[in-house]
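What follows is each chain in one-letter form.
2 protein chains.
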Amino acid sequence: MKDKILECVPNFSEGKDREIIERIVEPFRRVEGVKLLDYSADIDHNRLVVTVIGDPDGLKESLLDAMEVAVREIDMNSHRGEHPRMGAVDVVPFIPVKNVTIDEAIELSNQVARQAARRFNLPIYMYENSATAPERQNLANIRKGQFEGFSEKIRLPEWKPDYGPSEIHKTAGVTAIGARMPLVAFNVNLDTHKLDIANAIAKKIRNSGGGLRFCKAIGVSLKEKEMVQVSMNMTDYTRTSLYQSFEMIKMEARRYGVNVVGSELVGILPMQALTDVAAYYLGLENFCEEQILENRLLWED
Amino acid sequence: MKDKILECVPNFSEGKDREIIERIVEPFRRVEGVKLLDYSADIDHNRLVVTVIGDPDGLKESLLDAMEVAVREIDMNSHRGEHPRMGAVDVVPFIPVKNVTIDEAIELSNQVARQAARRFNLPIYMYENSATAPERQNLANIRKGQFEGFSEKIRLPEWKPDYGPSEIHKTAGVTAIGARMPLVAFNVNLDTHKLDIANAIAKKIRNSGGGLRFCKAIGVSLKEKEMVQVSMNMTDYTRTSLYQSFEMIKMEARRYGVNVVGSELVGILPMQALTDVAAYYLGLENFCEEQILENRLLWED
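Chains Z and A, in that order, give the protein sequences. Just so we're aligned, residue 0 is where the first sequence starts under numbering that gives the first Met the number 0, counting upward by one. Just so we're aligned, residue 0 is where the second sequence starts under numbering that gives the first Met the number 0, counting upward by one.
Honestly, the hints are just simulated from the structure, not real lab data. One or more hints might be untrue.
When chains are identical, the list treats them as one kind, so a pair holds in a single copy or across two.
What the hints assert, rightly or not - DMTMM-like, lysine to aspartate or glutamate: derived pairs with alpha carbons at most 25 Å apart:
# : residue 1 : residue 2
1 : 202       : 223
2 : 222       : 284
3 : 193       : 263
4 : 143       : 103
The structure presented is a predicted model; accordingly, all values stated were derived computationally and were not measured.
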């Protein structure tokens with residue numbers, strides 16, 4: 000059986016008290032099958048962002064334990080910070096990384112939400128791909144009104160929580176949980192300084208303009224380089240491939256007599272987004288991700 | 000600091016006794032910083048092949064401990080098996096996987112050889128990239144005469160061991176240790192059934208024919224597919240890239256009016272061999288292997 004790996008980036012509303020922060024993070028260090036990649040507390044935002052990766056069972060267990068600490072130790076009534084927030088456990092996104100479909104991530108997000116609602120008597124909204132209504136997809140929409148406004152908002156029929164009671168947790172507020180695909184930030188450079196060309200190409204290749212389904216794109220000026228760039232967010236690299244947007248930009252650039260001169264990937268991306276590119280250009284047949292040595296090093300015990 | 004990872008595939012001359020085999024393998028389970036990927040004992044060959052991966056320190060420690068068990072418990076005087084062999088620890092190749100140069104692997108192989116020779120009073124030959132003379136590069140050359148012939152061979156001046164005494168270990172014989180690059184087996188299919196075309200292209204692109212430095216190639220018939228193939232061993236993918244051989248085959252195929260119709264990768268390969276391909280075709284600038292999520296999961300604790 001192939002290992003299933005997801006990433007989870009829970010946000011907790013505590014950015015100052017190192018002891019509470021360490022107690023929240025502890026389950027991600029302790030539980031088998033998960034790996035704490037990063038956690039950073041921001042004093043101004045008064046918020047803790049944890050990046051953890053692991054198999055579904057390990058993530059579920061560690062996350063519920065961390066939520067328990069946050070619900071017990073954070074009092075939103077005395078919480079001040081610059082970042083909008085509505086609960087002690089503010090938001091919990093699950094992101095498929097390997098051998099996990101978005102549907103499996105949605106299922107996991109619902110399992111966690113159901114158990115957390117019961118265990119902590121916490122109202123929970125499902126968001127992004129887990130949303131139960133279009134107006135719940137966007138986190139900002141859910142979070143509007145913040146902790147202080149939620150005692151009222153939660154009583155509106157259209158804002159009845161997906162799990163848990165229809166009133167806020169007195170100290171921990173409410174929580175949003177959901178699944179979403181990882182974003183891949185991919186920029187392609189053109190040998191022109193004309194921003195309108197980059198914008199025209201961006202419009203043609205992106206979903207909203209009639210282009211690729213899982214591609215968002217805008218034109219951007221690179222002042223130091225005297226170039227422009229088509230700057231993209233690939234919102235599901237498993238269905239819209241990087242090479243598709245790259246080749247489509249080359250194709251569009253031709254009509255302006257412009258050339259693609261390079262590209263860049265910004266930040267972290269799953270390996271598959273790149274092996275997919277290599278497999279396309281080499282015309283690889285029967286290639287399997289398990290042939291990659293590094294894939295054999297992950298949770299193989 | 001970036002994690003350094005190597006693979007090591009030691010061969011031990013015991014393929015039958017499960018208890019001895021488990022004792023040899025135990026250090027690879029126990030020592031921190033190494034991961035036992037596979038071990039298989041072949042009764043006919045009477046040989047145990049271990050695949051282990053890890054950082055230099057962990058590999059050194061676990062390997063020396065495993066060698067100690069093998070030297071103590073295997074008596075080559077009573078060893079029978081179909082595979083050529085010359086010692087209880089027959090051969091130990093070190094293979095760079097990540098953030099390790101071949102020179103560092105050579106250095107590690109010499110450290111292990113020096114310590115093993117001293118600790119077990121064992122004669123050791125350095126082979127492949129670690130060889131101290133051209134006739135010692137090829138393992139088959141060193142191994143000629145096998146255990147039974149080595150009492151005499153080892154006294155010849157040209158076969159003085161690189162480390163340890165100039166006589167065989169009475170029960171453990173002699174050992175070969177060395178460093179080599181991983182091989183990547185890469186085949187490219189052509190839409191013709193004419194083997195002479197595949198052979199002509201293979202000859203043109205391989206090192207021995209004046210082509211790419213780290214590329215071995217032959218023509219092969221694919222009977223079921225009614226196609227031919229240029230079958231390659233890429234002997235250093237960090238210096239001769241997969242896309243170089245692929246593009247060069249396309250270029251050569253053109254003169255015969257033949258097309259490349261696909262390719263295949265056989266067996267295991269390091270991720271870098273593929274990210275290199277993706278980076279070339281997308282013209283990626285400033286791409287760094289650490290941007291790949293999976294790279295953050297390896298020995299990060």
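Outcome of the hint check:
For a Cα distance limit of 25 Å, the shortest separation of residue 202 from residue 223 inside one copy, 24 Å, qualifies, whereas the shortest one across copies, 46 Å, does not. When the C-alpha separation of residue 222 and residue 284 is checked against a cutoff of 25 Å, the pair qualifies only between copies, where the shortest distance is 17 Å, while the shortest distance within a copy is 42 Å. Taking CA atoms no more than 25 Å apart as the test, residue 193 paired with residue 263 passes inside one copy only; the shortest distance there is 19 Å, against 41 Å between copies. For a Cα distance limit of 25 Å, the shortest separation of residue 143 from residue 103 qualifies neither inside one copy, at 28 Å, nor across copies, at 56 Å.
Of the numbered hints stated above, the single one contradicted by the structure is hint 4.
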